[in-house]
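Undergrad: Note that the sequence shown ends on residue 202 in this note's numbering; no numbers are left out.
Please note: incorrect hints may appear among the correct ones.
Claimed, not checked - Below, simulated SDA-like cross-link-like pairs (lysine to any residue); rule was C-alpha separation at most 20 Å, straight line: (1) LYS137 - SER84; (2) LYS79 - LEU5; (3) LYS50 - SER32; (4) LYS195 - LEU159; (5) LYS16 - GLU88; (6) LYS195 - ASP141; (7) LYS155 - GLN126; (8) LYS50 - VAL92; (9) LYS79 - GLY26; (10) LYS13 - ILE59; (11) LYS16 - GLY66; (12) LYS193 - ASP72; (13) LYS193 - ALA76; (14) LYS137 - TYR73; (15) LYS71 - LYS193; (16) LYS13 - ASP87; (17) LYS155 - LYS193; (18) LYS19 - GLU7; (19) LYS71 - PHE178; (20) LYS193 - ARG158; (21) LYS71 - GLU138; (22) LYS71 - GLY82; (23) LYS195 - ASP129; (24) LYS193 - PRO163; (25) LYS193 - GLU138; (26) LYS19 - LYS50; (27) LYS183 - LEU164; (28) LYS50 - GLU85; (29) LYS183 - VAL146; (30) LYS183 - ARG158; (31) LYS19 - GLN70; (32) LYS71 - ARG25; (33) LYS79 - VAL200; (34) LYS71 - GLU85; (35) LYS19 - ARG30; (36) LYS13 - PRO93; (37) LYS137 - ASP72.
Hints are computed from structural coordinates only; laboratory data are not their basis.
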Amino acid sequence: MNSLLGEYEITDKAKKVGKLVVSRRGMYTRFSARCNECAAAAPFRLAVIKGGRIIPLGIMMPSESGYIFQKDYSGAELKNMGLSEFDECTIVPVSSTSEGKSDDRPHTRSKADCPPDRKITIEWSQAGDPSEFFAEKETADTFRRVAGCLTSADKDIRLLAVPLVPGKPFPGIHIFKFGSWQKINGFDYLVFKLKNGILVMR
Numbered sequence: 001m002n003s004l005l006g007e008y009e010i011t012d013k014a015k016k017v018g019k020l021v022v023s024r025r026g027m028y029t030r031f032s033a034r035c036n037e038c039a040a041a042a043p044f045r046l047a048v049i050k051g052g053r054i055i056p057l058g059i060m061m062p063s064e065s066g067y068i069f070q071k072d073y074s075g076a077e078l079k080n081m082g083l084s085e086f087d088e089c090t091i092v093p094v095s096s097t098s099e100g101k102s103d104d105r106p107h108t109r110s111k112a113d114c115p116p117d118r119k120i121t122i123e124w125s126q127a128g129d130p131s132e133f134f135a136e137k138e139t140a141d142t143f144r145r146v147a148g149c150l151t152s153a154d155k156d157i158r159l160l161a162v163p164l165v166p167g168k169p170f171p172g173i174h175i176f177k178f179g180s181w182q183k184i185n186g187f188d189y190l191v192f193k194l195k196n197g198i199l200v201m202r
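All chains, full assembly: derive it from the sequences and hints.
TA: What follows is the structure, given as structure tokens:
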């Protein structure tokens with residue numbers, strides 16, 4: 001995906017309103033954008049256009065210096081979006097497209113919407129070679145060096161627990177943000193969640 005890297009003008013009705021910077025951050029490709037002024041009424045989405053097709057990236061958020069957007073994409077996510085290159089970058093009203101709504105809006109629920117707390121028992125088993133659970137080669141290579149992992153699977157969701165051993169650093173320090181600490185059978189683990197082989201936030 002290196003062909004994506006660089007700086008792009010963001011236009012609104014042929015007028016330059018901001019800048020998009022696409023850079024590499026470890027295993028991920030980061031899209032960072034800032035708009036100072038826009039004709040479109042907020043809220044609006046940052047989007048790219050490829051072959052006449054609008055590919056929304058996410059909602060621009062207000063800040064003290066205009067509207068901003070930043071999001072990291074894995075190689076698999078970019079491939080699924082068909083985003084190996086694009087023709088231009090623009091902004092579109094939220095109502096103009098229904099794509100991407102599920103992952104670019106805050107996921108909030110009121111207390112009344114939440115089900116009562118319940119204790120969930122997870123059955124863990126030895127993971128063997130944890131690299132086989134990952135769809136992306138870079139992530140798989142990172143976990144290939146990890147031993148003593150536990151795993152639990154339910155349909156398309158898999159949990160992978162990586163042991164935290166004092167004095168032995170975890171090789172995937174750059175993906176720590178995806179994991180959450182958990183005590184399993186009295187030992188410390190960093191637990192990752194995968195959906196269809198892709199790391200997701202827990």
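Undergrad: State the violated hints by number, sorted upward, taking the hints as numbered earlier in the document.
TA: No hint contradicted; all consistent.
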